[in-house]
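Novice: First residue of the first sequence: 1, per UniProt numbering; consecutive thereafter.
Among the clues, some could well be false.
Straight-line alpha carbon distances no greater than 30 Å define the calculated DSSO-like cross-link-like pairs of lysine-lysine that follow [unchecked claim]:
hint: 1; residue 1: 643; residue 2: 500
hint: 2; residue 1: 63; residue 2: 27
hint: 3; residue 1: 349; residue 2: 468
hint: 4; residue 1: 690; residue 2: 679
The hints are simulated quantities; they were obtained by calculation from the structure and are not laboratory data.
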Amino acid sequence: MHLIIAEKHNVAKRIAQILAGTKPKVKRVHGVETFHFDEKVVMGLSGHIVGVDYPPGYNNWQKVDYRDLIHAQVVTKPTQAKIVSALKDLGADADRITIATDYDREGELIGVEALRIAEEANPKIEADRVRFSAITKGEILDAFESPGEVDFNLASSGEARQVVDLIWGAALTRFISITSGRLGKGFLSVGRVQSPTLALIVDREKEIEAFKPQPYWEIYADLEKDLRVKHEKGRIWDGDLARSIFENLGDEATVLSIKEKTRTDRPPAPFDTTSFISAASGIGFSASNAMRIAEWLYTSGFISYPRTENTVYPPTLDLRDLVSAFKKGPFREDAERVLKGPMVPTRGKRFSTDHPPIYPTAPATKKDMKPDQWKIYELVVRRFFATLSEPSRWIVMNVQLDIGGEPFRAMGARQIEAGWRASYPYSKAAEQILPDLSQGEKLSVLGKEIMDKETQPPSRYGQGRLVKLMDELGLGTKSTRHEIISKLYARAYVQGNPMKPTNTAYAVIEALERHSPTITKPDMTRTLEEEMTKIAERKIGEEKVIEESRSMLDAVFDDLLQHQGEIETTLREGLRTDKIVGDCPSCGNELIIRRGRRGSRFIGCAGYPECTKTLPLPKFGMIIVTDKICSDHGMYHIRIINKGKRPWDLGCPQCNFDQWQAKKAEEAKKKAEIDALAKIPGIGPKTLEKLETAGVRTALDLAEASAEELAEKTGLKINKISSWQLLAKSVAEEPSGC
DNA sequence: GCAAGGTC
Numbered sequence: 001m002h003l004i005i006a007e008k009h010n011v012a013k014r015i016a017q018i019l020a021g022t023k024p025k026v027k028r029v030h031g032v033e034t035f036h037f038d039e040k041v042v043m044g045l046s047g048h049i050v051g052v053d054y055p056p057g058y059n060n061w062q063k064v065d066y067r068d069l070i071h072a073q074v075v076t077k078p079t080q081a082k083i084v085s086a087l088k089d090l091g092a093d094a095d096r097i098t099i100a101t102d103y104d105r106e107g108e109l110i111g112v113e114a115l116r117i118a119e120e121a122n123p124k125i126e127a128d129r130v131r132f133s134a135i136t137k138g139e140i141l142d143a144f145e146s147p148g149e150v151d152f153n154l155a156s157s158g159e160a161r162q163v164v165d166l167i168w169g170a171a172l173t174r175f176i177s178i179t180s181g182r183l184g185k186g187f188l189s190v191g192r193v194q195s196p197t198l199a200l201i202v203d204r205e206k207e208i209e210a211f212k213p214q215p216y217w218e219i220y221a222d223l224e225k226d227l228r229v230k231h232e233k234g235r236i237w238d239g240d241l242a243r244s245i246f247e248n249l250g251d252e253a254t255v256l257s258i259k260e261k262t263r264t265d266r267p268p269a270p271f272d273t274t275s276f277i278s279a280a281s282g283i284g285f286s287a288s289n290a291m292r293i294a295e296w297l298y299t300s301g302f303i304s305y306p307r308t309e310n311t312v313y314p315p316t317l318d319l320r321d322l323v324s325a326f327k328k329g330p331f332r333e334d335a336e337r338v339l340k341g342p343m344v345p346t347r348g349k350r351f352s353t354d355h356p357p358i359y360p361t362a363p364a365t366k367k368d369m370k371p372d373q374w375k376i377y378e379l380v381v382r383r384f385f386a387t388l389s390e391p392s393r394w395i396v397m398n399v400q401l402d403i404g405g406e407p408f409r410a411m412g413a414r415q416i417e418a419g420w421r422a423s424y425p426y427s428k429a430a431e432q433i434l435p436d437l438s439q440g441e442k443l444s445v446l447g448k449e450i451m452d453k454e455t456q457p458p459s460r461y462g463q464g465r466l467v468k469l470m471d472e473l474g475l476g477t478k479s480t481r482h483e484i485i486s487k488l489y490a491r492a493y494v495q496g497n498p499m500k501p502t503n504t505a506y507a508v509i510e511a512l513e514r515h516s517p518t519i520t521k522p523d524m525t526r527t528l529e530e531e532m533t534k535i536a537e538r539k540i541g542e543e544k545v546i547e548e549s550r551s552m553l554d555a556v557f558d559d560l561l562q563h564q565g566e567i568e569t570t571l572r573e574g575l576r577t578d579k580i581v582g583d584c585p586s587c588g589n590e591l592i593i594r595r596g597r598r599g600s601r602f603i604g605c606a607g608y609p610e611c612t613k614t615l616p617l618p619k620f621g622m623i624i625v626t627d628k629i630c631s632d633h634g635m636y637h638i639r640i641i642n643k644g645k646r647p648w649d650l651g652c653p654q655c656n657f658d659q660w661q662a663k664k665a666e667e668a669k670k671k672a673e674i675d676a677l678a679k680i681p682g683i684g685p686k687t688l689e690k691l692e693t694a695g696v697r698t699a700l701d702l703a704e705a706s707a708e709e710l711a712e713k714t715g716l717k718i719n720k721i722s723s724w725q726l727l728a729k730s731v732a733e734e735p736s737g738c
């Protein structure tokens, strides 16, 4: 039997269909769907099915010595037990195994992992490897026609990365968590990708804080024909000069010149993961949410594989056929427009062997999915059409004017052909229509304006921008960048979007930059990549790279352990300031988030025990002090983050407490009225039931009801109802006892 | 309970 291994289930299924020519037989092996035909079996993995970890005995964070962690024998453990078992069973029966995992380094390692398991069950199995960059009939048949060999060196370069990541990550994560006292659920983490990413955000925040705004002025004049013109100088840095220009401005403008140019605005490149996340971020999706939805669309058959670095459509993709599929449904007009054109697809800078760019694989309507899913699907469809469209064309006008010796200017832009913008309305380019003007024309000045402005600090990174930046710096991969960003939120290192770092993040980055700068810079990834290439080229061994990395980490710990005291001070100060909620309304001391004896949390005053002001906090979830301040109480708003749930904005803790108290009082009042109804002589449980079906639950309800209607609805005697009503009225008017 | 990398 010939066993064929794909990286994922979907790919296994399609490979089997292509190779079989007919529908292959589906058999479940240890719960895993496999595909059988002509003495061949295709099975899919789920990415890595084993992972590196420490052997048992290294679990206790406080008891294990850092040096032991650095030099421990790292082991490989199955992480997908069912798939491993299926692989063993099938491997035992196979005389040949073909690795058909993704065509990249990680794919090579995943293939070798599978091969080792199969070899364990059957040492005599013969192995080969096929490589393809799109799952189309042509590519797959070609690849299987001439299989190559498994590249064990490439795989071991991936293994070296795994071990280096684990030992640096684990040792530094434990050190920072132990030193800061943040153990258990709220631990602080460190890693080759997450820490440099966090450092980018912290650096940006420092730039913003250090920014000194510069004042400048802009001068505008409003002319006849509804024309607004701006002083040629744009930003005028000298206030006196600006005011003098403004005050001495003449009352007639002369058109000096009119320049017209056509500008072509080229359509965007096909989506890779980075540009997709960036575009989704532009319409309000977080990176993780965009990817989650894209994965759903992929597994539901609406779009192609969303994790790709490729921005060039493969020649095997029949674009005309695909566009034609959209001739029915909500994208009919776009499809017809594109089909009329030359349909030359745009190409991005990056071409890779992993997967095609992200494109829609099937037409759909709004009814097929939820609104958010539709928005993402529509984005992918519209981007696809845009990449097959013609450029958008504009006429841009540049009008120069003179007002009493001062140069002014007006810029106009008019779209003459929408081109790709007809399908892709996400990146807006606004038209600026100017009135008809002629050279030498004179226009009176109807009004003037001087605007005093100041330069703005750089803006915080939004998630889309950060993903792009990570991509440029080589941090993380198409599949992990959004997860890394989520991790920063989960550790309470950042909050909001755009992202603002917490003081804890400042402190962690400061400590690392001082004593372990390697882990805070993108260079670590870059040098690791270089080492990996050397391993793949057999210029250096996997073991050598790991050993060198271990001794570097040893040196880092020489420094860290020597300065553990001061690092502790830095970290604890950062942690402390993140817990400040505001000033105590009773005594003016700081209000801080504190922990009760049984792990409960509350807001307490730093002036305790003299001041006993407290406010409650929820039992579960991570508490985040945001930078939003309550205008009534001067306290920072609180946000609660529970894993897998939407964040809950609790708001100002004082307002929240007041509202809760008011609600409780309201409920108590209601309960008192319900009790009062039951206490009226003559009203027993059966009568209560009848009254309730008529909508009467409290004494107040009864007092306000119409006796006739109530009698009709309940079948109770009207005179009885009237007598109860008298009693109810007297009860309802009494102030409630609690 | 640690990383980052696959995939669901």
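Novice: Each hint: holds or not?
Specialist: Here is what the structure says about each hint:
{"no.": "1", "hint": "643 with 500", "in the structure": "holds (20 Å)"}
{"no.": "2", "hint": "63 with 27", "in the structure": "violated (48 Å)"}
{"no.": "3", "hint": "349 with 468", "in the structure": "holds (14 Å)"}
{"no.": "4", "hint": "690 with 679", "in the structure": "holds (16 Å)"}
The structure is inconsistent with hint 2 alone, although it conforms to all the rest.
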